[in-house]
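Going down the list, the protein sequences come from chains A and B.
Under the UniProt record's numbering, the first residue of the first sequence is numbered 1, with each subsequent residue one higher.
Under the UniProt record's numbering, the first residue of the second sequence is numbered 1, with each subsequent residue one higher.
Treat each hint with caution, since some may be false.
[To be verified] Taking beta-carbon pairs under 7 angstroms as the criterion, some of the chain A residues facing chain B (in silico):
{"hint": "1", "residue": "THR78"}
{"hint": "2", "residue": "LEU115"}
{"hint": "3", "residue": "GLU117"}
{"hint": "4", "residue": "GLU181"}
{"hint": "5", "residue": "THR186"}
[Said to hold, decoys possible] Taking lysine-lysine and the DSBU-like style, the derived pairs with C-alpha atoms no more than 30 angstroms apart in a straight line are:
{"hint": "6", "chain 1": "B", "residue 1": "LYS41", "chain 2": "B", "residue 2": "LYS122"}
{"hint": "7", "chain 1": "B", "residue 1": "LYS51", "chain 2": "B", "residue 2": "LYS41"}
{"hint": "8", "chain 1": "B", "residue 1": "LYS51", "chain 2": "A", "residue 2": "LYS122"}
{"hint": "9", "chain 1": "B", "residue 1": "LYS51", "chain 2": "A", "residue 2": "LYS125"}
{"hint": "10", "chain 1": "B", "residue 1": "LYS41", "chain 2": "A", "residue 2": "LYS125"}
Think of the hints as simulated: they come from the structure by calculation, not from any bench.
For clarity, every value in this text was computed on a predicted model and none was experimentally measured.
Where is the CB? At the ideal position from N, CA and C, for every residue including glycine.
The primary structure of each chain is shown beneath.
Protein chains: 2
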Amino acid sequence: MSRWEPNARERLLRAAVESFAERGYDAVTVAEITERAGLTKRTFFRHFADKREVLFAGQEILSRMFAEGIAAAPAEATPIDAVAAALTATEAAFGPERREQARTIRQVVADHSDLRERSLLKHAKLTATMAEALRERGIPDPAASLAAEIGGLAFTTGFARWVEPSNERSFGEVAREALSELVEATAELG
Amino acid sequence: MSRWEPNARERLLRAAVESFAERGYDAVTVAEITERAGLTKRTFFRHFADKREVLFAGQEILSRMFAEGIAAAPAEATPIDAVAAALTATEAAFGPERREQARTIRQVVADHSDLRERSLLKHAKLTATMAEALRERGIPDPAASLAAEIGGLAFTTGFARWVEPSNERSFGEVAREALSELVEATAELG
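Bound conformation, chain A alone (with noise of 0.2 angstroms):
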């Protein structure tokens, strides 16, 4: 067997979050993803450290998106704008094909407390990467740190808009939305 699988990761994120849907997240092996993806264990654990790791994958493609986002903002943008254009750079990992599955993987995070922690960790570095590439673009701080942390609400609460049954809109515009809510917020704060 060739040891590059095409399309490997893909294959083995589909096979994780379809089975993890039907079966529930706890009973599901790696043999069982595997077998169902057509590829080995072998190739799994080239692409993932255990089966949790399946479903915060994203996350680290989410975080340098965010920061290229960031850096590549023109020279004149503001904090906001400039994490705006974060907002915007992450869409494309947001297409409507992935709206099911990151649902369920949505659910399955809300429902362990473990991977709640997790999550919370991971958000809080993703939060941390946009505070330091917005340094990186000389907004000293406490700027930076706030509107990072401003841009990681928007995240949220995008996100949790963009995979609502209902939604027909794409992330980033639900986020974009999340985002001009946050900073009109900012003015009644007293």
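Go by the hints and put chain B onto chain A.
Coordinates of chain B only, in the frame set by chain A:
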């Protein structure tokens, strides 16, 4: 030996932190901590799940103080006023006699990636507790979440300034100063 030891928790905390400062966190055992405190291992484990939890013991109490401080703020308080009241309410946990202890704990956490992760997680929970307390005051989202994140940043920044060897101001004073700077920074976010 009596099951109840006067001030056992505080004695164990002090003995643990002194041992960490002298010999390094990794080298210190629970046996060493209890010997130094003149208490039994059994007493230790009634107060702390393990050596690591000594470092985070204060955060549970802090979360409660924050929630109570927010709940007790006057009815007419703005979200930021309520957060300022919460920072003031935690001041009792940060007497001048605590500074050296806090500095040691901060350094131990900074030196260990697993402890940094745990600290991020506790911080996320503290912020979630504040957001919930703000919602219970009738402050809607996103203002409640936003004010809680700002409160979390003010807490972190205030704590970092308070433990600085050159600092002579109270925790409440430096934390409220950090909060004011954050509120000012919201105006520059664009």
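Let's test the interface hint: is any C-beta of chain B closer than 7 angstroms to that of A/THR78?
2 angstroms, holds
Should the hint that A/LEU115 touches chain B count as held when the rule is a Cβ pair under 7 angstroms?
Violated, about 13 angstroms.
For the hint on A/GLU117, just tell me whether its beta-carbon gets within less than 7 angstroms of chain B.
6 angstroms, holds
Holds or violated: the hint that A/THR186 contacts chain B, with Cβ atoms closer than 7 angstroms.
4 angstroms, holds
Take a quick look at whether B/LYS51 and A/LYS122 sit within 30 angstroms of each other, Cα to Cα.
The hint holds at about 25 angstroms.
Restraint check for B/LYS41 with B/LYS122, where alpha carbons must lie at most 30 angstroms apart
With Cα atoms ~26 angstroms apart, B/LYS41 and B/LYS122 stay inside 30 angstroms; holds.
CA of B/LYS51 to CA of B/LYS41, is that 30 angstroms or under?
Between B/LYS51 and B/LYS41 the Cα gap is close to 11 angstroms, so the pair holds against 30 angstroms.
Can we keep the A/GLU181 interface hint, with Cβ of chain B closer than 7 angstroms?
Result: holds, 6 angstroms to nearest chain B Cβ.
Please verify whether B/LYS51 and A/LYS125 have alpha carbons no more than 30 angstroms apart.
Since the Cα atoms of B/LYS51 and A/LYS125 sit roughly 25 angstroms apart, the hinted pair holds (cutoff 30 angstroms).
Decide if the proposed pair is consistent with the structure: B/LYS41 and A/LYS125, CA atoms, cutoff 30 angstroms inclusive.
36 angstroms, violated
Against the hints set out earlier in the document, violations occur for numbers 2, 10.
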